[in-house]
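Which chain is which? The protein sequence lines are D and U, in order. Sequential numbering from 1 applies to the first sequence in this note's numbering. Sequential numbering from 140 applies to the second sequence in this note's numbering.
It should be emphasised that the hints constitute simulated quantities derived from the structure, not laboratory data. Bear in mind the structure is a predicted one, so any value in this text is a computation, not a measurement. Glycine is no exception: its CB is placed at the ideal position from the N, C-alpha and C atoms. Wrong hints could be hidden among the right ones.
Computed, partial: chain U to chain D, Cβ under 8 Å [as the list claims (entries may be wrong)]:
#, residue
1, Thr-671
2, Ile-675
3, Phe-785
4, Asp-789
5, Thr-793
6, Leu-800
7, Arg-870
8, Met-893
9, Arg-904
10, Ile-905
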Amino acid sequence: MQTLIFRTAAPYISSLMVLFSIFVTLRGHNEPGGGFIGGLIAASAAAVYGIAYGVPAVRKALYFHPMAIAGSGLMLSALSGVFSIFHGVPLMTGIWGAFGFLGATVDIATVVTFDIGVYLVVLGSFTSIALALEEREEG
Amino acid sequence: MHQEWVTLAVLFLPFVGAILAPFLTRFLGYQAAWPLAIVPALCFLHFAGFIGAVSSGQTITGGYPWVEALDVEFSWLIDGLSLTFALLVTGIGTLIVLYAGGYLKGHPHQGRFFSFILLFMGAMQGLVVSDSFLMLFVFWELTSITSFLLIGFDHGREASRRAAIQALMVTGLGGLSLLAGLLLIWNITGANALSTLLEQGSALRDAPLYLAALLLILGGAFTKSAQFPLHFWLPNAMEAPTPVSAYLHSATMVKAGVYLLMRLNPVMGDTVAWETILPLFGGATLLVGAFLGIRQTDLKLMLAYTTVASLGLLVMLTGFGSETAIQAAVLYLVAHAMFKGALFMVAGIIDHETGTRDVRKLGGIGKAMPITFAAAVLAACSMGGLPPFAGFLAKEEIYAGLGFANGWTILLTIVAFIGNALMFALGFAVALKPFTGDKVETPKKPHEGPALLWLGPVVLAALGLIFALLSTFSHGIISTPMASAVAGEPVSVSISVIPHIGLPLLLSLLTIALGILVFMRLASARDAMASTLQAIGWGPDRGFDQAIRGIIRLSALVTNRFQNGRLEFYLTATLGLLAASILIPMIALGELPVLPDFPDLRFYEWAVFLIAGLGLAAVLWARDRLTAVVSLGIQGFAVAMLFMLFGAPDLSFTQFMVETLSVVILALVLTRLNLQPSDHRPLGQKILDVTIASLCGAGLGLLLLRVTQVPFNAGLSDFYAQYSRVIAHGRNVVNVIIVDFRGLDTLGEISVVMITGLAILALIRIATPKPSKTAAPASKSEA
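Produce the complete structure using the sequences and hints provided.
Following this line, the structure appears as structure tokens:
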């Protein structure tokens with residue numbers, strides 16, 4: 001899709017979408033959102049960018065192979081779940097910690113990294129499917 | 140010394156040895172046999188340390204908790220029966236490791252072989268000392284798997300692979316049967332270990348499900364111990380290298396079934412079913428094995444069939460039900476392990492040194508191989524039941540045990556008599572024919588093998604003599620404790636090599652006479668047997684192939700019917716089944732929902748409805764497929780808006796994204812598929828599709844209505860709402876459920892997402908044939 005307006009707008013739209021997806025993922029614990037929906041938004045961003053600029057551009061922007069992103073996400077989630085064994089509590093129990101950052105207290109937990117893993121899996125899997133389909137269209 | 144952890148360590152020692160074996164072999168070559176033989180030797184010494192306690196009537200148990208939640212222990216039971224087996228397994232194992240060092244000298248995979256044989260030894264040793272049912276089963280299956288690896292060791296040859304798979308299938312199926320049997324016994328008696336089961340006496344015998352449990356257990360025992368008509372895998376397993384045949388298929392693994400029967404004799408024996416089925420199958424196996432053995436010309440196959448026959452004899456004796464028969468079974472089992480192991484190793488040496496195992500192409504090699512010859516003759520004397528060898532004691536006891544009390548026992552005695560005579564002939568055929576007579580040209584010039592080769596058979600053959608000569612001593616440490624364990628009550632074995640004048644002796648002499656007769660006329664007997672078998676034509680071995688072919692054909696039939704590669708068939712079947720599974724029970728059980736009154740809608744709610752309706756209409760009237768896909772997205776967005784309006788922002792949010800992505804991906808797929816832009820289904824197809832779609836929609840709609848009319852149990856949602864903030868530090872209940880309360884589900888789901896992604900990627904990436912070829916099937920599948 002080579003229209004001028006779309007090509008001009010696409011980088012802004014997709015970068016905003018990525019930013020928004022991260023926001024949605026991180027706030028998910030208290031407000032509507034979460035890793036799954038965040039991953040879907042990010043995957044859509046990649047799809048939009050791909051439609052405007054072609055698959056090689058997206059692959060370059062992602063740097064890693066989408067499936068590698070998905071794989072690392074799955075690993076991150078699994079490790080987050082396993083982390084609880086160091087505390088002698090059952091598998092998948094959320095472990096919470098907190099640290100001070102610029103005067104504010106930030107809670108950090110294995111459930112957050114778990115959700116980030118979900119984000120990466122969804123982003124990676126859907127992007128790789130979409131890109132593979134788009135690629136064949138061009139090829 | 141007899142601390143529990145030592146026994147535990149001994150149980151795991153062979154597995155450690157198996158890990159080390161390939162490395163040792165890389166550095167030491169075939170000489171690695173010497174250090175590796177220390178492993179089974181240590182196990183042997185450890186078990187030998189129990190002899191004193193066991194022979195004074197004690198039973199040693201021990202163990203560690205394994206799965207505490209299920210009350211399963213990793214526990215062992217060492218009494219006369221398991222001790223004898225453990226000593227056989229580890230003692231013969233030591234000799235076999237040494238023998239394999241010489242036999243496979245220079246073989247590129249000798250290290251792997253050592254590894255497999257030690258693995259097997261560990262499994263077998265674990266099997267015979269297991270107390271808990273689960274541990275027994277695990278080790279039982281492990282012997283099947285390691286036996287598969289060993290039979291298929293020479294995996295470049297098709298016959299090897301077939302034999303390995305056949306053995307695995309037969310014994311593996313038997314293992315499943317055993318598991319079911321053990322679980323059933325566990326259910327009936329509440330005992331999940333042999334020691335507790337043995338204390339219960341006749342509780343199992345009197346249970347109504349006794350027969351079912353018995354049949355299941357027999358399924359395991361008969362497959363493992365190659366009872367007719369499931370005996371065929373054992374001769375085929377002779378494809379394995381000879382050390383394997385000598386170890387697994389004569390002395391140890393195939394006896395596991397007999398072990399199991401002997402072990403359960405005190406609690407399952409002494410019933411009509413037990414005393415009918417066991418002698419029946421055992422006797423049939425004895426005759427079949429002995430007669431089929433006559434037909435063979437390959438030394439190993441001759442021995443293999445006599446092994447089948449011997450196993451039959453053992454099963455028959457175990458099931459006979461008299462104390463003397465049990466004594467006979469015990470004596471015969473020990474004697475058989477020694478002479479058969481020795482004879483197999485002799486056959487291997489002959490093969491190794493002359494290049495052939497065909498009894499017709501061998502002769503006069505005795506001068507060149509005096510030590511092997513001596514070992515062979517000693518072993519054959521024991522096998523033939525000549526005094527003063529262990530086999531003689533066993534045979535006297537067999538005839539004394541069976542007796543002539545009534546028609547049934549006379550029949551069994553005759554069966555034993557014929558079987559023994561034929562085995563006598565076969566044993567001496569293996570031990571004498573290759574060594575005596577005129578010298579025959581062999582592929583290799585025969586000469587005595589190295590010490591590694593002849594050590595095993597010489598030791599075993601000599602033991603067969605010593606066991607009988609020192610009968611008081613050997614009965615004290617082996618036979619009496621073992622027979623007592625099998626009988627379930629103290630039994631004293633006292634038979635000695637001094638012949639007692641009586642019926643058993645007479646039968647023994649007759650057996651020997653008949654055996655000599657058959658031996659003299661072996662060649663003509665073989666021809667007669669061969670032509671008889673030719674006339675029958677069919678055997679269980681061929682039946683196995685037919686069964687396997689039948690299964691493959693059936694599965695191909697089913698697969699081709701249901702996986703025919705036509706997407707429309709899959710969709711029709713899936714959706715049709717969905718509609719049926721919702722609607723049929725709902726109507727049949729009268730669970731149709733009460734249709735609610737149509738509610739008053741606000742104008743914006745009407746607007747959303749209108750959008751959804753318009754989207755649907757556009758799908759139906761769209762001229763081309765792309766428009767239809769996009770219109771479907773409109774309807775989806777309208778539903779997402781409904782979710783939003785009714786207070787489910789998370790759901791709505793996700794629905795928006797899912798709809799967007801599915802429209803994008805579907806559009807991409809459509810442009811890729813070689814489809815005509817518009818839809819040209821014939822009218823009949825259209826009507827069918829519309830019906831199924833409407834039924835699915837109506838079914839799901841009714842189901843949802845019905846669900847909302849069931850009184851709502853708020854327990855779960857209250858729990859989540861209450862504890863989401865307190866336990867999981869999150870206000871968004873939906874997300875807390877996803878990542879915390881039900882985190883394991885999510886982990887499973889994202890794994891599925893990832894795997895699906897990989898699968899789709901693979902499907903897309905499959906090299907597509909040239910367009911000219913794809914065009915035809917594509918348009919066909921669209922029709």
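Evaluated hints:
no., hint, result
1, Thr-671, "violated, 64 Å"
2, Ile-675, "violated, 59 Å"
3, Phe-785, "violated, 14 Å"
4, Asp-789, "holds, 5 Å"
5, Thr-793, "holds, 5 Å"
6, Leu-800, "holds, 6 Å"
7, Arg-870, "holds, 4 Å"
8, Met-893, "holds, 5 Å"
9, Arg-904, "holds, 7 Å"
10, Ile-905, "violated, 11 Å"
Of the numbered hints stated above, those contradicted by the structure are hints 1, 2, 3 and 10, listed in ascending order.
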